[in-house]
Amino acid sequence: MADIPATMRRIVSEAKSNGTLEVRIEEVPTPKPEAGQVLVKIEAAPINPSDLALLLSMTDASQAKSVDATTTSLPIPDFAMRMLQGRMDEAMPVGNEGSGTVVAAGDAAGEGLVGKLVAAAGGDMFAEYRCVPVAMCMPMPEGVSARDAASSFVNPMTALSMTKVMKRDGSPALVHTAAASNLGQMLQRICKADGIPLINIVRKPEQRAILKDLGADYALNSEDGNFMADLVEACAETGAIIGFDAVGGGDLSGRIITAMEAAQSRKLTEYSRYGTSVHKQMYVYGRLDLGEVRVPPSVGMAWGVGGFLLTNFLATISPEERMGMAMRIATEIKTTFASDYTGEISLDDVLKPDVMAKYNAKATGTKYLIKP
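Taking the UniProt record's numbering, the leading residue of the sequence shown gets 1, the next gets one more, and so forth.
You may find that some hints are simply not true.
As the list claims (entries may be wrong) - Estimated spans, in silico, between C-beta atoms of each pair:
{"id": "1", "residue 1": "317", "residue 2": "226", "range": "21 to 29 Å"}
{"id": "2", "residue 1": "135", "residue 2": "67", "range": "38 to 46 Å"}
{"id": "3", "residue 1": "306", "residue 2": "348", "range": "35 to 43 Å"}
{"id": "4", "residue 1": "297", "residue 2": "139", "range": "26 to 34 Å"}
Treat the hints as calculated values from the structure; they're not laboratory data. The C-beta atom is built at its ideal place from N, Cα and C for all residues, glycine as well.
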(Lines of atoms letter the chains of each structure in order from A and count residues from 1; the text may use other names and numbers.)
(Lines give C-alpha, C1' and ligand atoms only; values in the text may rest on other atoms or scores of the structure.)
Protein backbone atom coordinates (compact mmCIF):
# COMPACT_ATOMS: atom_id res chain seq x y z
CA MET A 1 0.00 0.00 0.00
CA ALA A 2 1.21 3.50 -0.84
CA ASP A 3 2.24 5.91 1.90
CA ILE A 4 -1.08 7.67 2.46
CA PRO A 5 -1.12 10.84 4.60
CA ALA A 6 -3.53 11.12 7.51
CA THR A 7 -5.00 14.37 6.17
CA MET A 8 -5.55 15.91 2.75
CA ARG A 9 -6.66 19.18 1.18
CA ARG A 10 -9.75 19.85 -0.90
CA ILE A 11 -11.70 22.79 -2.34
CA VAL A 12 -15.12 23.67 -0.95
CA SER A 13 -17.61 26.40 -1.83
CA GLU A 14 -19.99 27.86 0.74
CA ALA A 15 -22.79 30.35 0.12
CA LYS A 16 -23.23 32.19 3.40
CA SER A 17 -26.36 33.82 4.76
CA ASN A 18 -24.43 37.08 5.21
CA GLY A 19 -24.44 37.50 1.42
CA THR A 20 -20.97 36.24 0.59
CA LEU A 21 -19.68 33.13 -1.12
CA GLU A 22 -16.48 31.62 0.22
CA VAL A 23 -14.14 29.41 -1.78
CA ARG A 24 -11.84 27.63 0.65
CA ILE A 25 -9.16 25.02 0.95
CA GLU A 26 -10.06 22.65 3.77
CA GLU A 27 -7.78 20.15 5.44
CA VAL A 28 -9.74 17.00 6.28
CA PRO A 29 -8.95 13.38 7.20
CA THR A 30 -7.95 11.31 4.19
CA PRO A 31 -10.87 8.95 3.53
CA LYS A 32 -10.51 5.19 3.77
CA PRO A 33 -12.11 3.05 1.06
CA GLU A 34 -15.05 0.92 2.08
CA ALA A 35 -16.14 -2.33 0.43
CA GLY A 36 -16.58 -1.78 -3.29
CA GLN A 37 -14.46 1.39 -3.25
CA VAL A 38 -10.91 2.40 -4.09
CA LEU A 39 -8.86 5.38 -2.94
CA VAL A 40 -7.55 7.48 -5.82
CA LYS A 41 -4.68 9.94 -5.50
CA ILE A 42 -6.01 12.71 -7.73
CA GLU A 43 -3.42 13.91 -10.23
CA ALA A 44 -5.55 16.00 -12.59
CA ALA A 45 -9.07 17.46 -12.52
CA PRO A 46 -10.57 19.79 -15.15
CA ILE A 47 -12.65 22.85 -14.35
CA ASN A 48 -15.87 22.36 -16.33
CA PRO A 49 -18.73 24.86 -16.63
CA SER A 50 -20.76 22.54 -14.38
CA ASP A 51 -18.03 22.88 -11.74
CA LEU A 52 -18.11 26.67 -11.99
CA ALA A 53 -21.85 26.62 -11.37
CA LEU A 54 -21.14 25.17 -7.91
CA LEU A 55 -17.74 26.72 -7.24
CA LEU A 56 -18.64 30.35 -8.01
CA SER A 57 -22.38 30.10 -8.66
CA MET A 58 -23.70 33.43 -9.98
CA THR A 59 -21.01 35.62 -8.45
CA ASP A 60 -18.74 37.99 -10.37
CA ALA A 61 -15.16 36.69 -10.24
CA SER A 62 -13.82 40.21 -10.79
CA GLN A 63 -15.07 41.05 -7.28
CA ALA A 64 -13.18 38.23 -5.57
CA LYS A 65 -11.09 39.20 -2.54
CA SER A 66 -8.51 37.09 -0.72
CA VAL A 67 -9.44 36.78 2.96
CA ASP A 68 -6.37 34.72 3.87
CA ALA A 69 -4.17 32.00 2.35
CA THR A 70 -7.00 29.46 2.37
CA THR A 71 -10.13 31.59 1.75
CA THR A 72 -11.41 33.84 -1.03
CA SER A 73 -14.70 35.71 -0.70
CA LEU A 74 -17.12 37.00 -3.34
CA PRO A 75 -20.34 39.01 -2.90
CA ILE A 76 -23.52 37.16 -3.89
CA PRO A 77 -25.85 39.27 -6.07
CA ASP A 78 -29.20 40.02 -4.46
CA PHE A 79 -31.12 38.14 -7.16
CA ALA A 80 -29.09 34.99 -6.48
CA MET A 81 -29.68 34.78 -2.73
CA ARG A 82 -33.12 33.21 -3.11
CA MET A 83 -31.84 30.71 -5.69
CA LEU A 84 -29.05 29.60 -3.35
CA GLN A 85 -31.21 28.99 -0.28
CA GLY A 86 -30.93 25.23 -0.70
CA ARG A 87 -27.15 25.30 -0.16
CA MET A 88 -26.88 28.20 2.29
CA ASP A 89 -24.20 27.89 5.01
CA GLU A 90 -23.16 24.44 3.81
CA ALA A 91 -19.59 23.79 2.65
CA MET A 92 -19.90 21.92 -0.63
CA PRO A 93 -16.99 19.93 -2.13
CA VAL A 94 -16.34 20.72 -5.80
CA GLY A 95 -15.12 18.84 -8.87
CA ASN A 96 -17.14 16.49 -11.04
CA GLU A 97 -14.34 14.42 -12.53
CA GLY A 98 -10.63 13.75 -12.51
CA SER A 99 -7.93 11.15 -12.90
CA GLY A 100 -5.22 9.62 -10.78
CA THR A 101 -3.60 6.50 -9.44
CA VAL A 102 -5.46 3.99 -7.28
CA VAL A 103 -3.48 3.68 -4.03
CA ALA A 104 -5.76 1.47 -1.91
CA ALA A 105 -8.79 -0.79 -2.20
CA GLY A 106 -11.59 -1.45 0.27
CA ASP A 107 -11.89 -5.11 -0.69
CA ALA A 108 -11.07 -7.63 -3.38
CA ALA A 109 -13.35 -5.91 -5.89
CA GLY A 110 -10.88 -3.07 -6.27
CA GLU A 111 -7.55 -4.79 -5.68
CA GLY A 112 -6.95 -5.25 -9.39
CA LEU A 113 -6.97 -1.47 -9.85
CA VAL A 114 -4.29 -0.67 -7.25
CA GLY A 115 -1.35 1.01 -8.93
CA LYS A 116 -3.32 1.76 -12.10
CA LEU A 117 -4.31 5.09 -13.63
CA VAL A 118 -8.07 5.59 -13.69
CA ALA A 119 -10.50 8.31 -14.60
CA ALA A 120 -13.31 8.82 -12.13
CA ALA A 121 -16.43 10.86 -11.55
CA GLY A 122 -18.71 11.53 -8.63
CA GLY A 123 -17.91 14.94 -7.16
CA ASP A 124 -15.29 16.20 -4.68
CA MET A 125 -12.52 15.79 -7.27
CA PHE A 126 -10.80 19.10 -6.53
CA ALA A 127 -8.93 17.27 -3.79
CA GLU A 128 -5.74 15.37 -3.15
CA TYR A 129 -7.52 12.04 -2.57
CA ARG A 130 -10.96 10.68 -3.30
CA CYS A 131 -12.75 7.42 -2.48
CA VAL A 132 -14.59 6.23 -5.57
CA PRO A 133 -16.85 3.23 -6.21
CA VAL A 134 -15.08 0.65 -8.35
CA ALA A 135 -17.95 0.87 -10.84
CA MET A 136 -17.22 4.59 -11.36
CA CYS A 137 -13.56 4.01 -12.28
CA MET A 138 -12.48 3.94 -15.91
CA PRO A 139 -9.09 2.18 -16.20
CA MET A 140 -6.82 3.79 -18.77
CA PRO A 141 -4.68 1.97 -21.36
CA GLU A 142 -0.88 2.06 -21.27
CA GLY A 143 0.57 5.30 -22.60
CA VAL A 144 -2.26 7.50 -21.30
CA SER A 145 -1.27 10.23 -18.82
CA ALA A 146 -3.34 11.72 -16.00
CA ARG A 147 -3.67 14.89 -18.10
CA ASP A 148 -5.01 12.83 -21.01
CA ALA A 149 -7.50 11.02 -18.79
CA ALA A 150 -8.73 13.93 -16.66
CA SER A 151 -11.74 14.80 -18.85
CA SER A 152 -13.02 11.30 -19.53
CA PHE A 153 -16.57 11.63 -18.23
CA VAL A 154 -18.39 14.96 -18.48
CA ASN A 155 -17.61 16.07 -22.04
CA PRO A 156 -17.12 12.66 -23.70
CA MET A 157 -20.22 11.13 -22.14
CA THR A 158 -22.26 14.25 -22.95
CA ALA A 159 -21.12 14.31 -26.58
CA LEU A 160 -21.86 10.61 -27.05
CA SER A 161 -25.22 11.03 -25.33
CA MET A 162 -26.18 13.76 -27.78
CA THR A 163 -25.87 11.34 -30.67
CA LYS A 164 -27.92 8.76 -28.79
CA VAL A 165 -30.68 11.29 -28.06
CA MET A 166 -30.64 12.26 -31.74
CA LYS A 167 -31.24 8.65 -32.77
CA ARG A 168 -33.84 8.12 -30.04
CA ASP A 169 -35.79 11.19 -31.16
CA GLY A 170 -35.69 10.20 -34.82
CA SER A 171 -33.52 12.99 -36.20
CA PRO A 172 -30.99 12.20 -38.95
CA ALA A 173 -28.71 15.06 -37.92
CA LEU A 174 -27.74 17.39 -35.08
CA VAL A 175 -27.37 21.12 -34.48
CA HIS A 176 -24.89 22.27 -31.82
CA THR A 177 -24.09 25.75 -30.48
CA ALA A 178 -20.88 27.10 -28.94
CA ALA A 179 -19.47 24.38 -31.14
CA ALA A 180 -15.76 25.23 -30.95
CA SER A 181 -15.61 24.28 -27.27
CA ASN A 182 -13.72 21.21 -26.10
CA LEU A 183 -17.01 19.34 -26.07
CA GLY A 184 -17.96 20.72 -29.48
CA GLN A 185 -14.71 19.55 -31.01
CA MET A 186 -15.28 16.09 -29.54
CA LEU A 187 -18.79 16.02 -30.99
CA GLN A 188 -17.44 17.02 -34.40
CA ARG A 189 -14.91 14.18 -34.30
CA ILE A 190 -17.58 11.68 -33.18
CA CYS A 191 -20.00 12.72 -35.91
CA LYS A 192 -17.27 12.65 -38.55
CA ALA A 193 -16.28 9.12 -37.53
CA ASP A 194 -19.86 7.87 -37.22
CA GLY A 195 -21.23 9.50 -40.38
CA ILE A 196 -23.65 11.82 -38.56
CA PRO A 197 -24.41 15.18 -40.22
CA LEU A 198 -23.61 17.95 -37.73
CA ILE A 199 -24.45 21.64 -38.03
CA ASN A 200 -21.98 23.59 -35.88
CA ILE A 201 -22.82 27.13 -34.79
CA VAL A 202 -20.17 29.55 -33.48
CA ARG A 203 -19.79 33.32 -33.03
CA LYS A 204 -16.34 34.09 -34.44
CA PRO A 205 -14.42 33.39 -37.67
CA GLU A 206 -11.53 31.79 -35.80
CA GLN A 207 -13.94 29.37 -34.11
CA ARG A 208 -15.34 28.44 -37.49
CA ALA A 209 -11.80 27.78 -38.71
CA ILE A 210 -11.17 25.36 -35.83
CA LEU A 211 -14.15 23.25 -36.85
CA LYS A 212 -13.39 23.39 -40.57
CA ASP A 213 -9.90 22.11 -39.76
CA LEU A 214 -11.60 19.14 -38.05
CA GLY A 215 -13.47 18.38 -41.24
CA ALA A 216 -16.79 20.04 -40.43
CA ASP A 217 -19.21 20.19 -43.36
CA TYR A 218 -21.28 22.84 -41.60
CA ALA A 219 -19.72 25.56 -39.44
CA LEU A 220 -21.93 28.64 -39.33
CA ASN A 221 -21.17 31.99 -37.71
CA SER A 222 -24.28 33.34 -35.98
CA GLU A 223 -22.94 36.89 -36.40
CA ASP A 224 -22.89 36.67 -40.21
CA GLY A 225 -25.59 38.51 -42.12
CA ASN A 226 -26.53 35.39 -44.07
CA PHE A 227 -26.61 33.13 -41.00
CA MET A 228 -30.33 32.37 -41.03
CA ALA A 229 -30.41 31.64 -44.75
CA ASP A 230 -27.42 29.32 -44.41
CA LEU A 231 -28.94 27.62 -41.36
CA VAL A 232 -32.22 26.96 -43.18
CA GLU A 233 -30.29 25.42 -46.08
CA ALA A 234 -28.22 23.27 -43.72
CA CYS A 235 -31.35 22.04 -41.94
CA ALA A 236 -32.98 21.30 -45.30
CA GLU A 237 -29.95 19.36 -46.53
CA THR A 238 -29.49 17.32 -43.36
CA GLY A 239 -33.05 17.04 -42.07
CA ALA A 240 -31.94 18.11 -38.58
CA ILE A 241 -34.81 18.49 -36.13
CA ILE A 242 -32.80 18.14 -32.90
CA GLY A 243 -30.31 20.61 -31.42
CA PHE A 244 -28.24 21.09 -28.28
CA ASP A 245 -27.69 24.61 -26.99
CA ALA A 246 -24.87 25.52 -24.61
CA VAL A 247 -25.78 29.22 -24.60
CA GLY A 248 -29.22 29.02 -23.03
CA GLY A 249 -30.46 32.59 -22.76
CA GLY A 250 -31.37 34.76 -25.72
CA ASP A 251 -32.90 33.95 -29.08
CA LEU A 252 -30.46 31.40 -30.54
CA SER A 253 -32.55 28.31 -29.71
CA GLY A 254 -35.58 30.08 -31.13
CA ARG A 255 -33.74 30.97 -34.33
CA ILE A 256 -32.62 27.37 -34.76
CA ILE A 257 -36.16 26.05 -34.35
CA THR A 258 -37.31 28.70 -36.83
CA ALA A 259 -34.76 27.43 -39.36
CA MET A 260 -35.77 23.81 -38.75
CA GLU A 261 -39.42 24.73 -39.31
CA ALA A 262 -38.60 26.67 -42.48
CA ALA A 263 -36.68 23.67 -43.82
CA GLN A 264 -39.48 21.23 -42.98
CA SER A 265 -42.14 23.53 -44.47
CA ARG A 266 -40.59 23.02 -47.90
CA LYS A 267 -42.08 19.53 -47.83
CA LEU A 268 -45.66 20.75 -47.29
CA THR A 269 -48.06 20.12 -50.14
CA GLU A 270 -50.66 22.50 -48.76
CA TYR A 271 -50.68 25.49 -46.44
CA SER A 272 -51.31 25.06 -42.72
CA ARG A 273 -51.58 28.01 -40.38
CA TYR A 274 -50.21 25.74 -37.63
CA GLY A 275 -47.00 25.00 -39.48
CA THR A 276 -45.59 21.53 -40.02
CA SER A 277 -46.44 18.54 -37.85
CA VAL A 278 -42.77 17.55 -37.49
CA HIS A 279 -41.62 18.06 -33.91
CA LYS A 280 -38.49 20.21 -33.55
CA GLN A 281 -36.60 20.06 -30.25
CA MET A 282 -33.83 22.11 -28.66
CA TYR A 283 -32.11 20.80 -25.55
CA VAL A 284 -30.48 23.45 -23.37
CA TYR A 285 -27.49 21.89 -21.60
CA GLY A 286 -25.50 25.01 -20.70
CA ARG A 287 -26.20 28.53 -19.48
CA LEU A 288 -23.46 30.74 -20.88
CA ASP A 289 -26.26 33.33 -21.02
CA LEU A 290 -28.38 33.36 -17.87
CA GLY A 291 -31.21 35.28 -19.54
CA GLU A 292 -34.55 33.87 -20.60
CA VAL A 293 -34.88 31.65 -23.68
CA ARG A 294 -36.87 33.45 -26.38
CA VAL A 295 -38.80 31.58 -29.07
CA PRO A 296 -40.65 33.56 -31.79
CA PRO A 297 -44.17 32.73 -33.05
CA SER A 298 -42.79 31.72 -36.46
CA VAL A 299 -41.85 28.23 -35.24
CA GLY A 300 -45.29 26.70 -35.73
CA MET A 301 -46.93 24.46 -33.14
CA ALA A 302 -44.73 21.35 -33.12
CA TRP A 303 -41.66 22.25 -31.13
CA GLY A 304 -40.11 22.11 -27.69
CA VAL A 305 -37.30 23.56 -25.60
CA GLY A 306 -36.14 21.57 -22.59
CA GLY A 307 -33.19 20.97 -20.37
CA PHE A 308 -30.63 18.22 -20.81
CA LEU A 309 -28.57 16.82 -17.94
CA LEU A 310 -26.09 14.02 -18.53
CA THR A 311 -26.82 12.12 -15.31
CA ASN A 312 -30.56 12.10 -16.03
CA PHE A 313 -29.96 10.67 -19.49
CA LEU A 314 -27.50 8.01 -18.32
CA ALA A 315 -30.11 6.79 -15.83
CA THR A 316 -32.41 5.96 -18.77
CA ILE A 317 -30.02 3.61 -20.58
CA SER A 318 -28.77 0.16 -19.68
CA PRO A 319 -25.56 -0.58 -17.76
CA GLU A 320 -24.31 -2.37 -20.87
CA GLU A 321 -24.80 0.73 -22.99
CA ARG A 322 -23.03 2.89 -20.43
CA MET A 323 -20.17 0.39 -20.33
CA GLY A 324 -19.91 0.49 -24.12
CA MET A 325 -19.63 4.28 -24.01
CA ALA A 326 -16.91 4.11 -21.35
CA MET A 327 -14.92 1.54 -23.31
CA ARG A 328 -14.97 3.68 -26.44
CA ILE A 329 -13.88 6.74 -24.48
CA ALA A 330 -10.95 4.93 -22.85
CA THR A 331 -9.84 3.52 -26.20
CA GLU A 332 -10.05 6.90 -27.99
CA ILE A 333 -9.11 9.25 -25.13
CA LYS A 334 -6.05 10.59 -26.98
CA THR A 335 -7.86 11.01 -30.31
CA THR A 336 -11.64 11.44 -30.58
CA PHE A 337 -12.03 12.47 -26.94
CA ALA A 338 -8.82 14.44 -26.46
CA SER A 339 -9.09 17.68 -24.47
CA ASP A 340 -7.00 20.82 -24.76
CA TYR A 341 -6.16 22.92 -21.71
CA THR A 342 -5.33 26.60 -21.50
CA GLY A 343 -3.17 26.03 -18.44
CA GLU A 344 -2.52 23.99 -15.32
CA ILE A 345 -3.11 25.35 -11.82
CA SER A 346 -2.76 24.12 -8.24
CA LEU A 347 -5.37 23.98 -5.48
CA ASP A 348 -3.85 27.18 -4.08
CA ASP A 349 -4.16 28.86 -7.48
CA VAL A 350 -7.91 28.15 -7.55
CA LEU A 351 -8.33 30.75 -4.77
CA LYS A 352 -6.26 33.51 -6.37
CA PRO A 353 -8.55 36.29 -7.70
CA ASP A 354 -6.49 36.86 -10.86
CA VAL A 355 -6.50 33.14 -11.69
CA MET A 356 -10.19 32.89 -10.80
CA ALA A 357 -10.99 35.55 -13.40
CA LYS A 358 -9.18 33.51 -16.04
CA TYR A 359 -10.80 30.13 -15.45
CA ASN A 360 -14.22 31.76 -15.07
CA ALA A 361 -13.95 33.70 -18.34
CA LYS A 362 -16.39 31.33 -20.11
CA ALA A 363 -14.52 31.88 -23.37
CA THR A 364 -14.93 29.17 -26.00
CA GLY A 365 -12.03 26.74 -25.86
CA THR A 366 -10.73 28.07 -22.53
CA LYS A 367 -10.31 25.29 -19.99
CA TYR A 368 -8.02 24.90 -16.98
CA LEU A 369 -6.69 21.77 -15.33
CA ILE A 370 -6.14 21.47 -11.58
CA LYS A 371 -3.08 19.47 -10.52
CA PRO A 372 -3.63 18.87 -6.77
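Residue 67 and residue 135 - C-beta distance against the hinted 38 to 46 Å: holds (39 Å)
If you check the beta carbons of residue 306 and residue 348, does the distance land in 35 to 43 Å? holds (40 Å)
Could you tell me whether the CB distance from residue 317 to residue 226 stays inside 21 to 29 Å? violated (39 Å)
Kindly confirm whether 26 to 34 Å is satisfied by the beta carbon distance between residue 297 and residue 139. At 52 Å between Cβs, range violated.
Checked against the numbered hints given earlier, this structure breaks hints 1, 4; the rest are met.
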